[in-house]
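*Asks:* Residue-level listing of the chains:
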Amino acid sequence: MNSVQQQEIQHFLERYFHANYCEMIESGPGYLTVQLTIELDKQLMNRPFYWHYLEKTGGIPNPLQLTMITNPEAAPKALKGETIHFGSPRLHQIFESTKKLAGYIRLYEKHKNTFGQQTPLRPWLGMNVRISYQCDRKRDVFRSIGLQLINGQMVEGFHDKLLELELTPKIPDYSFTLSPLIMPKSGMIRIQHFLQNEIDKEDHTWAEEATARWEKDLNLLEHFYKEMEEKEESYEIEKTALKEQYEPRINISIINGGLFYLTENAFQRSIVS
Amino acid sequence: MTVQINFDSSWQNEFLHRIEEDGPWGSWELYKLAIEVENHTIIPEFEGLQAPKHLSSLIPLPHQLEVAKQVVENMNGKAILADEVGLGKTIEAGLILKEYMIRGLVKKVLILVPASLVTQWAIELNSKFFIPAIAQRKSYVWEQCDVVVSSIDTAKRNPHKDIIYNQDYDLVIIDEAHKLKNNKTKNYEFVQKLKKKFCLLLTATPIQNRISEIFNLVSLLKPGHLGNEADFYEKYQKDSRSLDDNEYLKELVNKVMIRNRRADTGIEWTKRNVETLPIEFSKEERELYEAVTNLRGDGNWMSSSQFSVMTLQREACSSREAVFFTLRNMLQKKEEPTKEYQDKILYLITKVEEVQKNAKAEKALELIKQINDKVIIFTEYRATQMYLQWFLKQHGITSVPFRGGFRRGKKDWMRELFQKNAQVLIATEAGGEGINLQFCNHIINFDLPWNPMRLEQRIGRIHRLGQEKDVNIYNFAIKDTVEEHVLKLLYEKIHLFEKVIGDLDDILTKLDFGNIDDHLIDIFGKSSSEGEMRIKMDNLTSMIQFAEEMKAGEQRAATGNSAFS
Numbered sequence: 271m272n273s274v275q276q277q278e279i280q281h282f283l284e285r286y287f288h289a290n291y292c293e294m295i296e297s298g299p300g301y302l303t304v305q306l307t308i309e310l311d312k313q314l315m316n317r318p319f320y321w322h323y324l325e326k327t328g329g330i331p332n333p334l335q336l337t338m339i340t341n342p343e344a345a346p347k348a349l350k351g352e353t354i355h356f357g358s359p360r361l362h363q364i365f366e367s368t369k370k371l372a373g374y375i376r377l378y379e380k381h382k383n384t385f386g387q388q389t390p391l392r393p394w395l396g397m398n399v400r401i402s403y404q405c406d407r408k409r410d411v412f413r414s415i416g417l418q419l420i421n422g423q424m425v426e427g428f429h430d431k432l433l434e435l436e437l438t439p440k441i442p443d444y445s446f447t448l449s450p451l452i453m454p455k456s457g458m459i460r461i462q463h464f465l466q467n468e469i470d471k472e473d474h475t476w477a478e479e480a481t482a483r484w485e486k487d488l489n490l491l492e493h494f495y496k497e498m499e500e501k502e503e504s505y506e507i508e509k510t511a512l513k514e515q516y517e518p519r520i521n522i523s524i525i526n527g528g529l530f531y532l533t534e535n536a537f538q539r540s541i542v543s
Numbered sequence: 122m123t124v125q126i127n128f129d130s131s132w133q134n135e136f137l138h139r140i141e142e143d144g145p146w147g148s149w150e151l152y153k154l155a156i157e158v159e160n161h162t163i164i165p166e167f168e169g170l171q172a173p174k175h176l177s178s179l180i181p182l183p184h185q186l187e188v189a190k191q192v193v194e195n196m197n198g199k200a201i202l203a204d205e206v207g208l209g210k211t212i213e214a215g216l217i218l219k220e221y222m223i224r225g226l227v228k229k230v231l232i233l234v235p236a237s238l239v240t241q242w243a244i245e246l247n248s249k250f251f252i253p254a255i256a257q258r259k260s261y262v263w264e265q266c267d268v269v270v271s272s273i274d275t276a277k278r279n280p281h282k283d284i285i286y287n288q289d290y291d292l293v294i295i296d297e298a299h300k301l302k303n304n305k306t307k308n309y310e311f312v313q314k315l316k317k318k319f320c321l322l323l324t325a326t327p328i329q330n331r332i333s334e335i336f337n338l339v340s341l342l343k344p345g346h347l348g349n350e351a352d353f354y355e356k357y358q359k360d361s362r363s364l365d366d367n368e369y370l371k372e373l374v375n376k377v378m379i380r381n382r383r384a385d386t387g388i389e390w391t392k393r394n395v396e397t398l399p400i401e402f403s404k405e406e407r408e409l410y411e412a413v414t415n416l417r418g419d420g421n422w423m424s425s426s427q428f429s430v431m432t433l434q435r436e437a438c439s440s441r442e443a444v445f446f447t448l449r450n451m452l453q454k455k456e457e458p459t460k461e462y463q464d465k466i467l468y469l470i471t472k473v474e475e476v477q478k479n480a481k482a483e484k485a486l487e488l489i490k491q492i493n494d495k496v497i498i499f500t501e502y503r504a505t506q507m508y509l510q511w512f513l514k515q516h517g518i519t520s521v522p523f524r525g526g527f528r529r530g531k532k533d534w535m536r537e538l539f540q541k542n543a544q545v546l547i548a549t550e551a552g553g554e555g556i557n558l559q560f561c562n563h564i565i566n567f568d569l570p571w572n573p574m575r576l577e578q579r580i581g582r583i584h585r586l587g588q589e590k591d592v593n594i595y596n597f598a599i600k601d602t603v604e605e606h607v608l609k610l611l612y613e614k615i616h617l618f619e620k621v622i623g624d625l626d627d628i629l630t631k632l633d634f635g636n637i638d639d640h641l642i643d644i645f646g647k648s649s650s651e652g653e654m655r656i657k658m659d660n661l662t663s664m665i666q667f668a669e670e671m672k673a674g675e676q677r678a679a680t681g682n683s684a685f686s
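Protein chains in written order, with our numbering: chain A, 271 to 543; chain B, 122 to 686.
These are computed hints drawn from the structure, not numbers from a lab. Only a predicted model underlies this, so the values are computations on that prediction, with no experimental measurement involved. Some clues are possibly wrong.
Derived pair list, reagent style EDC-like, types lysine to aspartate or glutamate, alpha-carbon separation capped at 20 angstroms [as the list claims (entries may be wrong)]:
#, chain 1, residue 1, chain 2, residue 2
1, A, Lys370, B, Asp129
2, B, Lys356, A, Glu492
3, A, Lys408, B, Glu168
4, A, Lys509, B, Glu457
5, B, Lys277, B, Glu245
6, A, Lys408, B, Glu187
7, A, Lys369, B, Asp129
8, A, Lys350, A, Glu293
9, B, Lys153, A, Glu278
10, A, Lys431, B, Glu150
11, A, Lys370, B, Glu150
12, A, Lys455, B, Glu135
13, A, Lys455, A, Asp443
14, A, Lys440, B, Glu141
15, B, Lys376, B, Asp352
16, A, Lys369, B, Glu135
17, A, Lys509, A, Glu492
18, B, Lys282, A, Glu502
19, B, Lys153, A, Glu434
20, A, Lys455, B, Asp143
21, B, Lys228, A, Glu366
22, B, Lys190, A, Asp410
Sample of chain B residues at the chain A side, in silico, Cβ under 8 angstroms [said to hold, decoys possible]:
#, residue
23, Gln133
24, Ser148
25, Glu150
26, Lys174
27, Arg224
28, Asn304
Negatives, chain B to chain A, calculated, CB over 12 angstroms [as the list claims (entries may be wrong)]:
#, residue
29, Glu157
30, Lys259
31, Asp274
32, Lys314
33, Phe445
34, Leu586
All C-beta atoms, glycine included, are put in the ideal place defined by N, C-alpha and C.
For reference, chain A alone in the conformation it holds in the complex (with noise of 0.2 angstroms):
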């Protein structure tokens, strides 16, 4: 295993139980066990029944501690736990538990602004997400899209911009927010024809390659079937699977996204930081 990873992947399990307010029973160079949440023994443990059950019968909830070892190495040799690794269904389950959670915000910009002064807060819509490009291969981008909801104004890699930014879930003393003019409906269509456009404009060799390799295993397939009067009934299946195999096609998918209150120049400052 490799280390470097294997820390990451401490770190990343220490900041997501923290997060979902599970307490640290304790943690250590390669391990660390948890005391789940009702919440999170639901969404990691799959124990419906023993949930089902608690709920009809109405007892005490008893919610698991969860011990994880990151590096069997560096972790004391007599601890019982799931060995975690990029690849093992514990974490992968994490990663989907950590996007099913927070796929939807809303956030206001902790402004530094003082005198008693009132400071208005424009709306954002920001969207994360996925496109993948698939054919009988895949590749994916990551794109991190905002609008300003007052002006129309797009920003690239607005996620990265955000993280600049001191953000808080509760509207700060002394603001107020301005109300959107385009409302975040048909915000979310113009995030969506931009992307539409962009992609438009990208060089699609890539599809071009797939339809002429779908061509021609087509061909073989007419060939193959040629001379029977009937084409059976596997002809259509194998026409089928290899529209399912190559047709080139692009899905966009939203990681998350939500609503964002900055101030005017919140952009501007981080800029000039």
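Starting from the known structure of chain A, arrange chain B on it as the hints suggest.
*Replies:* Structure of chain B alone, referenced to chain A:
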């Protein structure tokens, strides 16, 4: 070119709903973590393998990684994986499956393997690849589980068959795919009708006897790649001696097939020690053998029978029990047997009864005691198998039987018993495939199959990756019998033992050779005299030698040294 774009709208609806309800909203820390996860799991390139990064306990060998890369990048996910026995085709298939799953190209998977390997496949996929594969036991599994392992014999039967036909599989993997070499079988038809996007066919012996076999396999994978049936036979069967045509065919086949040879892998293999042990019949055994052989001269009543003299001779070389079993069948199955027929058989049965000891079994016992370690005995006959088990027990040696017909659970159990509690495993031919026994390094071939491929399959059970010791193979042959002739021809004259089977594939492909079994039956079964037998045998040998010379010449030509060599 414009490509169809699908925009996932489910997120948007939920988002609007939450705005309306004023939440609930996620935490900023988790939101940031989700994006970090995304950036970590995103795969920005079409090329390259992600799977190795996801495997903690398995370090694939270079040739296995190369196969996976080739299949994904250049073969569009449809391939025959035809490495020689023991090079890890399962690992290759696992890598490819994992790669497609990580990339989200494959979700629904059907894996068809011999019954005895179902559990092992499921365990390996789970433990080595972290793929939640399920061994099919209940019929709801087909629909509810994404990765299912089953035997083809179960899958092709209803109610399973109909459910399976309704599934759209992203990937179908078939182990021991050479069993699909005949396109007239139910198994073939079953596989042909599966809905499959990607497909992997695993076999160590893509061509056993005829090039039509490769045509059928390839047509299952990629119909039309080798033309349609009419084209193929016109082009290749008539002119199959022509090298140019075959070179072209080879090239075409290589587009959908990857075959690594042991020698190519650069791995240090443990050695194979092959020893032939000539054994003398006891007097009574010899008499039985001669009595059976003399049937050939006894008019033509045998020729109308489904039992051949050849069969009886081979059985006599194995055990009296095997002969008796056949004789009894001959009596029971013959409609209206003549008095002469009955007398003849009864006479032979008295000959069987006279036999008091089995020379091979004695030898086996001696050898097993001397080896003092785990041993696998292969025999072609169930009667011999049962006899041996009894015989060994009489001498205080524990053994377990193994047959192809055992149910899956029983096979696993027998393997386990052999590993933990017994010294000897006695397997019949059908048990040769589909079980891995690397923990053992001694094989006794109590009697020999006539098809060298089958012999390779036997040896491949133990001489594979994971075998740490040299492998010892003991071939038993009774002197001055048909068995010795076969051994001489197949295993000494052609040096097949030391050869990799791949060489034989080439030879068989180059010649319009016919089935090796047919040749042997003709030589040993239909010859009327030893002289005729010898001549036919010499003919066969020179045919094979001719093919080998052609191959050698071709190699010299290919390296450009022909003028100087």
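*Asks:* Assess, step by step, whether the Cα of Lys153/B is no farther than 20 angstroms from the Cα of Glu278/A, and give holds or violated.
*Replies:* Within the cut-off at roughly 15 angstroms; holds.
*Asks:* Between the alpha carbons of Lys455/A and Asp443/A, is the straight-line distance 20 angstroms or under?
*Replies:* violated (29 angstroms)
*Asks:* Lys431/A and Glu150/B: Cα distance at most 20 angstroms?
*Replies:* Holds - the C-alpha atoms of Glu150/B and Lys431/A are around 15 angstroms apart, at most 20 angstroms.
*Asks:* Does the alpha-carbon distance linking Lys190/B and Asp410/A stay inside the 20 angstroms limit?
*Replies:* holds (19 angstroms)
*Asks:* Tell me if Arg224/B is really an interface residue toward chain A, meaning its C-beta lies closer than 8 angstroms to one of theirs.
*Replies:* holds (5 angstroms)
*Asks:* Compare the distance between the alpha carbons of Lys408/A and Glu187/B with 20 angstroms, and conclude whether the hinted pair is satisfied.
*Replies:* Satisfied, since the Cα-Cα distance of roughly 19 angstroms is no more than 20 angstroms.
*Asks:* Would you check the hint for Lys440/A and Glu141/B, treating anything up to 20 angstroms between C-alpha atoms as holding?
*Replies:* Roughly 17 angstroms between the alpha carbons, so the hint for Lys440/A and Glu141/B holds.
*Asks:* Please check whether Gln133/B passes as an interface residue: C-beta within 8 angstroms of a C-beta belonging to chain A.
*Replies:* This hint holds: Gln133/B lies near chain A, its Cβ roughly 5 angstroms from the closest one there, short of 8 angstroms.
*Asks:* Compute the least Cβ-Cβ separation between Phe445/B and chain A, then decide whether it is above 12 angstroms.
*Replies:* Fine: 47 angstroms to the nearest Cβ keeps Phe445/B off the interface.
*Asks:* Does the closest beta carbon of chain A sit nearer than 8 angstroms to the beta carbon of Glu150/B?
*Replies:* holds (4 angstroms)
*Asks:* Does the structure keep Lys370/A and Asp129/B at a Cα separation of 20 angstroms or less?
*Replies:* The hint holds at about 15 angstroms.
*Asks:* Holds or violated: are the alpha carbons of Lys455/A and Asp143/B at most 20 angstroms from each other?
*Replies:* holds (15 angstroms)
Checked against the numbered hints given earlier, the structure breaks hints 4, 5, 13, 28, 29 and 32 and satisfies all the rest.
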